[in-house]
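**Student:** Position chain B relative to chain A; hints supplied.
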Amino acid sequence: MTAAVFFGCTFIAFGPAAALFLLTIARDPLRVIFLIAGAFFWLVSLLLSSLVWFITVQMSNKNSAAQQKGLLIFGVVLSVLLQEVFRFAYYKLLKKANEGLLAISQEDTMPISIRQLSYVSGLGFGFMSGAFSVVNILSDSVGPGTVGIHGDSQHYFISSAFMTLAIILLHMFWAVVFFEACERQKWWSLGTVVLSHLLVSCLTFVNPQYEGSLIPTYIILSVMAGWAFSCAGGTLRNLKLCLTCKDKDFLLANHRPR
Amino acid sequence: MGQESFKWFPLLVVSLFHTSVRCSSVEQKIYVELNSTVPCVRLLNATHQIGCQSSISGDTGVLHVLETEADLDWILSTGPHPPYMVVMEAAFFTRSTMVKMKNSSRVAGVAVIKSNTGPTEGFSPHTSCPNQNTGVYTEHYGPELANCNNTVWNPLGNGLSYEDFAFPIFSLKDDNQTQVIRKCYEDHNMRMNGSAPQYPLCAMQLFSHMHAVTDTVTCMRRTDLQNSFSINPEKLCDPLSDFNVWTSIRPLNNSIKGHKENESVVIAAARLDGRSFFWDIAPSAEGTVSSIVTLLAAAQALYPVALEAPPQRNIFFTFFQGEAFDYIGSSRMVYDMENSKFVIDLDNVHSLLEIGQIGLRNGQSLWMHSDPVSRKNTTVNKQVANLVANIKSVASSLNLSLNEPSATQALPPSSFQRFLRVRPVPGLVLADHQASFTNRYYESLYDTATYLNVTYPSDLSPEQQLEYETEAAKSLTQVATLVARSIYKQAGGEDRFLNNITADTKTVAKLLYGFLIMSNNSWFSSLLPPEALGRGSILESSPPQYYIGLRLDNTVKSVTRFVQFILANMTGTVTKLNQSQCQNPKDVPGESKDLYSYSWVSGPVSVNGTTDPYCVRSSVHLSKALSPAFELTDYGSREYSTWTESRWKTIRARIFLVASPQLEMMTLGVGVAVLLVSLVVTYFISSKAELLFSATREPPNTTY
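Sequence lines, in order, name chains A and B.
When you line the first sequence up against the UniProt record's numbering, it's residues 1 to 258, in that order.
When you line the second sequence up against the UniProt record's numbering, it's residues 1 to 704, in that order.
Next comes chain A alone, as it looks inside the complex (with noise of 0.2 Å):
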C-alpha cells in the first residue's frame, strides 16, 4: 500500500520480538550467539522441509489441484515435525555446549542457564520464522496498490502481520515449555507442544476468514504463555505481587547473599 502501511506492519509483526531482544538479549554477547545459532538451525530445518516438498511438487501432476493442495498439508506438516525435531536436536546441542562451557570456563558457575537457553533459542526460532513468513509480504506492502483486486480480502497485510506476531512469541514459549519436558522427562508436554504447533500451522488453511485463523491462534497463545510462564518459575502470587508493587518488602524478606 504504502510506506505507512508498511511500517505499521513491521512493528506489528516485529515489535514485540525487537522489544525483547533489544531490552533482554542486546547486552549479552552469549546470549545473542545462542539467538543466532537457533535462527540457524530453524533455516536449516526449513531447508530441509522445503527440499521434500520441492521434489514432490516436481515429480507430481501440477494440473491437479486436489493433489496440489494435498501436498502443501503435507509440506506443512514435514515442516512442523522437522522444526520440531530440530529444536530437539539444539537442546541436545546446547547440553553439550554447556558441559563444554562449564569446562573450560574460569568460573565454577555455568555462565547461562537452561531455562535462559531455551529462551533465547525459542526466540531465535520466532525471529528466523517470522522473517520467512513475512518479509516478502512487507516489500510488497510498499508499493501503492493493496490486495483486493482478483477479489482477495483487503487485511492481507495486517492479518499476516498479526499472525506473525503470534508465530514469533508462540515459538518462544514453546521453547521454553519443549526444554522444561526435556530436562524432566515429560513426555507428554512435549507432544503437546508438537500437537500445538500443527494446530496453528493448519489453521492457517482457513485462510482468507483470518478470524477462524487469528483468534483460534491467539487463544493458543495465551494458553501457552500461561504454561511457559510457570514452567520458568512464575505462579500467580509474584504475579499479584509484581502488580501491586508490595516487591520491595517482598524481595527484602528474601533476601539472600550471593
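Honestly, I wouldn't trust all of these hints.
What the hints assert, rightly or not - Quick list of in silico lysine to aspartate or glutamate cross-link-like pairs, DMTMM-like style, CA-CA up to 25 Å:
1. B/Lys382 / B/Asp495
2. B/Lys183 / B/Glu261
3. B/Lys183 / A/Asp152
4. B/Lys29 / A/Asp152
5. A/Lys62 / B/Glu27
6. B/Lys688 / A/Asp28
7. B/Lys29 / A/Glu211
8. A/Lys240 / B/Glu690
9. A/Lys69 / B/Glu27
10. A/Lys95 / B/Glu690
11. B/Lys29 / B/Glu186
It is worth saying that the hints were derived from the structure and are not from the lab.
**Tutor:** Positioned in the frame of chain A, the structure of chain B alone reads:
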C-alpha cells in the same frame, strides 16, 4: 565420488530450486500488469520540449472513465479522490479536453482507448501549418505567404502533438485488457446514486519517465558532458535520424562527390515518414504511403524504357526520410549538395517533381503546386511552365484532369521547399488537394488503410489479398503512369516512346498490401536479403509504421529497407555473382563498386520451403538523413531541424486497488502502539524478572 558428489548434490538442488521459483505471488494478488501499451514520449527541438512525462516512480491515480461532460466536471473539480487517472474514449481526445486537463492539478495521467476509425469530422494532432519555420517562406522570402497567411494547409490541426504535458498519456487498444480495466472501474469506482464511491478504489499507475528536459541544446550539452567525463555515460537523448533512398537511371560514380560534369538531373521525390501523437505509431496511409507507392510504380514503369531509349537528362528517384520533423532528409541532402558531399550538386539539378498526398483523389483532378515567389523570375517561370505543359500533355492522353491552383497560392509543405531555400530550382508538387489538405487525419493514428479505401473482401487469404486489385490501386496506377511519362518527357525523352511507359496495377496492388496491411508477405520476403528474414525479421504481420525513430546501432529502419530493396528489384539487374563476390565485387571484371551497389537477396520461396538467393546489381543507394545541425553541432540552429527524442528506462502500466489513507494511517498507528506497549511490558518484566521467576529453587551456583 562418494563424499564429493554428496557435497555437490544439495548445492545443485538448491540452485535448481532457485531458478524455477516463480516471482512473488503476493505481487500477482495486487497488480495486474498491462502489456501492449503505447506511450507518448518526449521530443525536443532547439527551443522547446513536447510530448509527455511521468514522474520517475510512475504516476498513480484513481481510475475514472470519461464518457460524458459530467465525468469531466467530476475529474476536474468535484471528485473527492484526486488525482484521477482518466480513461477516455477516442471521441473525447480533443484539444479543449486535453488543455483543461493539462491545466488541472487533479489529473495524474490519461489513457486513450483507440477506436478503429477516427471521428467523422476529422482529427489531426499536428499543427495547422506544418513545418512553418523551416520551409521556404520567411519574412525575407514571400512574407505574405509565410506562416500560412495565405492558405492554412491543415485546418483540422489542433496542435496536440506539439503540446508539453506533465503527465503520461498512453494509448490502449480496445481489447480484453481494456475490458479488465472497465470491469475494475465498474466494480469499485462507480458512483451509487450520486454519492462518491467508497474505498478501496481501482487505480492505475503509468510509468514513462523521460530523461531529457528543456530542449535539444541542454540535452546534448548534458550528453556531451556525460560522454567526456563519465565512466559509464548515460545518454539522455538521440537525434532523429535514418537514411534517404536514392537511385538514378544512369549510374553515377558514388565515390566521387560534388559536381558532375555534363550531368543534368530531373529529380522525382517523395517522403518516407509520418507521425502521430503516440510513439512509433504512424500508419500514414494518405500522408506517406500513397506517394511512396506511386513513385515506386513510376520507377518500375520508367526504367525499361529509359534503358532502351535513354532520355537526354538523367533521372533521379529519391525518397526523403524525416520530413515530418522540419525536413530532416531533404535538408541534409541539400546541405550535402551545397558542400560537395553528395554524388551531384545543385548545379546538376535541372528540375524537380515531388509527389505529395495523392491517395484521396476519388476520380477528380490532380493539382500541380508551384512556388509563386520563384516564378517571378522569368527564366524560372518559363521552365516551370514548360514542366506544367509536359505534364498536361501526358495527362490528356491518359484522361486525367490536372489543374494549377491560383497563381498567388503558396507551395504546400514539401521537400521541394528546402531546395528552394537555397536555389530557385524549377519544380512542382503534385497533390490531390487544391488548397488545404483533403486528408482529415493528417499525421494521426487514423490515417489508415481503411481511410484510403484499401479494403479487401473478408474471404480472401493473405496471399490472395496480396494480388487483389482495389480501386485505390487502380487510381494510383493511373497517377504513377502520369508521373513516369511526365518525368521521361521532362528529361528530354522522345514522345514516341511515351506509350510504352505504363505502370502495372498488379505491382501497385502488391505495394499497397505490403505497405498498408501486412509487410510479412511472400513478395516482400523474396526481395529482402536472408539476414533481414529469419530470427530478427523486419517483416511483421501488421502494417509498418512510418515514424522515423532513432538509429541506435546504425541499423536502417524497416520501411527504408523495404523501399531500398523494392527499388533495387525494379531498377536493377540479376547478376551471376556468388555470395562472396556479391559482397565484394572488386576483383570481378565488369563490376564496379563505385557505380553500383550489390545486394544478396533471398529470392522466392519454392514449394519445399527453400530459397535460391541471387545477387542484384542496382544503383540504389542510402544516404544519411541526419539533420545538418548535428553535423555542425549547432544544436540551437534555426536553419535546420534539431529534433531529438528522449531516452527512457521503463514504459509500463498496471492497475490495482488502493486503500483509504485513513486505513493506512490506522495500520501505522496500531503498529506504533504495539511496539510501544511491547517495549513497556518487556521493560517491566525484565526489571522484575528475579521476582517473577523466583518460584523454583535453583541450586545456588546458577546465575540468572
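**Student:** Now tell me if each hint is right for this structure.
**Tutor:** Hint check:
At roughly 21 Å between alpha-carbon atoms, B/Lys382 and B/Asp495 fall within 25 Å of each other, so this suggested pair holds. For the proposed pair B/Lys183 and B/Glu261, the alpha carbon gap of about 71 Å is over 25 Å, so the pair is violated. Taking the CA atoms of B/Lys183 and A/Asp152, the gap is near 16 Å; set against the 25 Å cutoff, the hint holds. For the proposed pair B/Lys29 and A/Asp152, the alpha carbon gap of about 8 Å is at most 25 Å, so the pair holds.
Between A/Lys62 and B/Glu27, the direct Cα distance comes to roughly 22 Å. Compliance with the 25 Å bound is thereby established for this hinted pair. Proximity of B/Lys688 to A/Asp28 is assessed by CA-CA distance (about 18 Å); at most 25 Å being required, the pair is judged to hold. At roughly 20 Å between alpha-carbon atoms, B/Lys29 and A/Glu211 fall within 25 Å of each other, so this suggested pair holds. For the suggested pair A/Lys240 and B/Glu690, the alpha carbons sit about 14 Å apart, so the restraint of at most 25 Å is met.
Annotation: proposed proximity of A/Lys69 to B/Glu27 holds, straight-line Cα distance about 21 Å (limit 25 Å). Note on A/Lys95 and B/Glu690: the hinted pairing holds, with a Cα-Cα distance of about 24 Å set against a maximum of 25 Å. For the suggested pair B/Lys29 and B/Glu186, the alpha carbons sit about 19 Å apart, so the restraint of at most 25 Å is met.
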